[in-house]
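Generate coordinates for the entire structure from the input sequences, incorporating the hints supplied.
So the sequence lines, in the order shown, correspond to chains A and B. Using the numbering used here, you'd call the opening residue of the first sequence number 1 and step up by one each time. Using the numbering used here, you'd call the opening residue of the second sequence number 1001 and step up by one each time.
It should be emphasised that the hints constitute simulated quantities derived from the structure, not laboratory data. Everything numeric in this text was worked out from a predicted model, so none of it was measured. Check the hints yourself; a few may be wrong.
[As the list claims (entries may be wrong)] Quick list of in silico lysine-lysine cross-link-like pairs, DSS-like style, CA-CA up to 25 Å:
hint : chain 1 : residue 1 : chain 2 : residue 2
1    : A       : 10        : A       : 115
2    : B       : 1011      : B       : 1085
3    : A       : 96        : B       : 1097
4    : A       : 246       : B       : 1011
5    : B       : 1011      : A       : 174
6    : B       : 1085      : A       : 174
7    : A       : 10        : A       : 20
8    : A       : 96        : B       : 1096
9    : A       : 20        : B       : 1085
10   : B       : 1096      : A       : 174
11   : B       : 1096      : A       : 115
12   : A       : 174       : A       : 20
13   : A       : 209       : B       : 1085
14   : A       : 174       : A       : 18
15   : A       : 115       : B       : 1085
16   : A       : 51        : A       : 94
17   : B       : 1203      : A       : 230
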Amino acid sequence: MENSINIKLKVWRQAGPKAKGRFETYELSNISTDSSFLEMFDILNEQLINKGEEPVAFDHDCREGICGMCSLYINGRPHGPDDDVTTCQLHMRKFKDGQTITIEPWRSAGFPVIKDLIVDRTAFDQIIASGGYVSVNTGGIPDANAIPIPKPDADEAMDAASCIGCGACVAACKNGSAMLFVSAKVSQMALLPQGRVEATRRAKNMVAKMDELGFGNCTNTGACEVECPKGISLANIARLNREFLKASLQD
Amino acid sequence: MSSTLGSSIVKKLLMSLSGLFLITFLLVHLTVNSFLLIPDGGEFFNAGAHFMATNPAIRVIEPLLAIGFLIHILYGIKLTIENRKARGSARYASGKKTTGVTWASQNMLVLGITIAAFLVLHIAHFWVKMKLTGDPLLEHTTITIGGVETEVENSYALVNYTFSYLWVVIVYVIAAVGLAIHLSHGFWSAFQTIGFSNEIWRKRLTVLGNLFAVLIGFGFSIIPVLQYLFYQG
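Written out as structure tokens, the structure is:
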């Protein structure tokens, strides 16, 4: 087993939102196969800085797969060739010696490029702000088991809540649809009694915000589910459809 | 309600409901067409066609069917245009390597256009002749329905003559295969959109949808093929 590889990177460089972008090629040698994809990018940027060039701008934060900041469309797939991981959890052992790796930003009208590989994902924050929360009157701490919740419901809610809002679903979708994200955010609360109180308003407001921000209409291709680093299921989209249609009928 | 009417989910609901309506139509259509395989010189088929032509319920359903087709086609085009816009003009240089996504689900519009093009030809072949212009082949023939002698249009003669041309048979088979592929995604997708799906039902609906697609595709191809091969002269 080789411990280090030489690779060629084709990286999307774009000076600003309005600037015209292009691919730039970089060669990196002696990259440890144990390093993560983002560590490989750190090495590249260090070399660029030492040469007096502009480093590549990319999003990252926790680097342990839970914050949802890292993105990158790598060799034809959001978050790269590995399944069920974010880019920060992708390792260089997934690539071969001498391989050319193409790295692009998420491409969707809802996620415009800010710089290089960074896209503007504030649309997701706006959708959350439109209803993706539970209103709570603060007071004494309630008993942990005061509200009984069936285990399967709790599990399904937790699975939906594992969505980190990275936007890979939109990046993979031929329709630029954000339905997997919105459905996860609606489901995590629709399944629990605490979330039922505002369920009607939530489903309607979040879908309305999603439409208003210009995300596309879901055609159930399932590409989002395949590329989701957290394995969010399409069943959530069926639940969102149910919740929304029920809410509309109640008016 | 007014604010929700233009929403993406309501637009898709219209696609789903019109699609399910058209699916029921396909089942009825295939059932009547299957009478063409009974080797009785078309007597049973003529009786079926006579029933469909004279039944008062059909007068109501026929315009409904036209509306169903229109909604499905117009909203299909509208949603596709909106989705193109939402996707943006930029494309991935490294392509799309996502595995496990069916070809049908990515090409519903192309398949739909194929079916719509066939529909024009199909209506010209039969509906126009039966309902509007008439055709010498449709000259009345007498059949026995439940012991009663009845004079009916000889629809069988027109069908039989139309399927004596090889190119017609080939076009019909291509359309049937296109329709089957369209249904292989459309069937389960329609249920998903109305919210009738979860982890378990998704598998069931996919299997059921594929079986239905095969039934429709095979049924509508085998009838013209057998008509061409064995029912001529």
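Tell me if the straight-line CA distance from residue 1096(B) to residue 174(A) falls inside 25 Å.
Judged against 25 Å, a Cα distance of about 10 Å means the pair holds.
Next pair to validate is residue 246(A) with residue 1011(B); report whether the Cα-Cα distance is within 25 Å.
holds (15 Å)
What's the verdict on residue 51(A) and residue 94(A), does the C-alpha distance respect the 25 Å limit or exceed it?
The given pair, whose Cα atoms are some 28 Å apart, is violated under the 25 Å limit.
Taking 25 Å as the top limit, are the C-alpha atoms of residue 1085(B) and residue 174(A) close enough?
holds (11 Å)
For the pair we were handed, residue 20(A) and residue 1085(B), check the Cα-Cα distance against 25 Å.
holds (20 Å)
Quickly compare the C-alpha distance for residue 1011(B) and residue 174(A) to 25 Å and report which way the hint goes.
Satisfied, since the Cα-Cα distance of roughly 18 Å is no more than 25 Å.
Does the alpha-carbon distance linking residue 96(A) and residue 1097(B) stay inside the 25 Å limit?
Answer holds: residue 96(A) to residue 1097(B) is near 17 Å, not above 25 Å.
Between the alpha carbons of residue 174(A) and residue 18(A), is the straight-line distance 25 Å or under?
holds (23 Å)
Holds or violated: residue 1011(B) with residue 1085(B), Cα cutoff 25 Å?
Judged against 25 Å, a Cα distance of about 16 Å means the pair holds.
When you check the alpha-carbon spacing of residue 209(A) and residue 1085(B), does it fall within 25 Å?
Measuring from Cα to Cα gives roughly 17 Å; hence the hint holds.
Residue 96(A) and residue 1096(B) were given as a pair; does the straight-line alpha-carbon distance stay at or below 25 Å?
holds (20 Å)
Under the criterion that the straight-line Cα-Cα distance not exceed 25 Å, is the pair residue 174(A), residue 20(A) satisfied?
Judged against 25 Å, a Cα distance of about 23 Å means the pair holds.
The structure fails to meet hint 16 from the earlier list, while all remaining hints are met.
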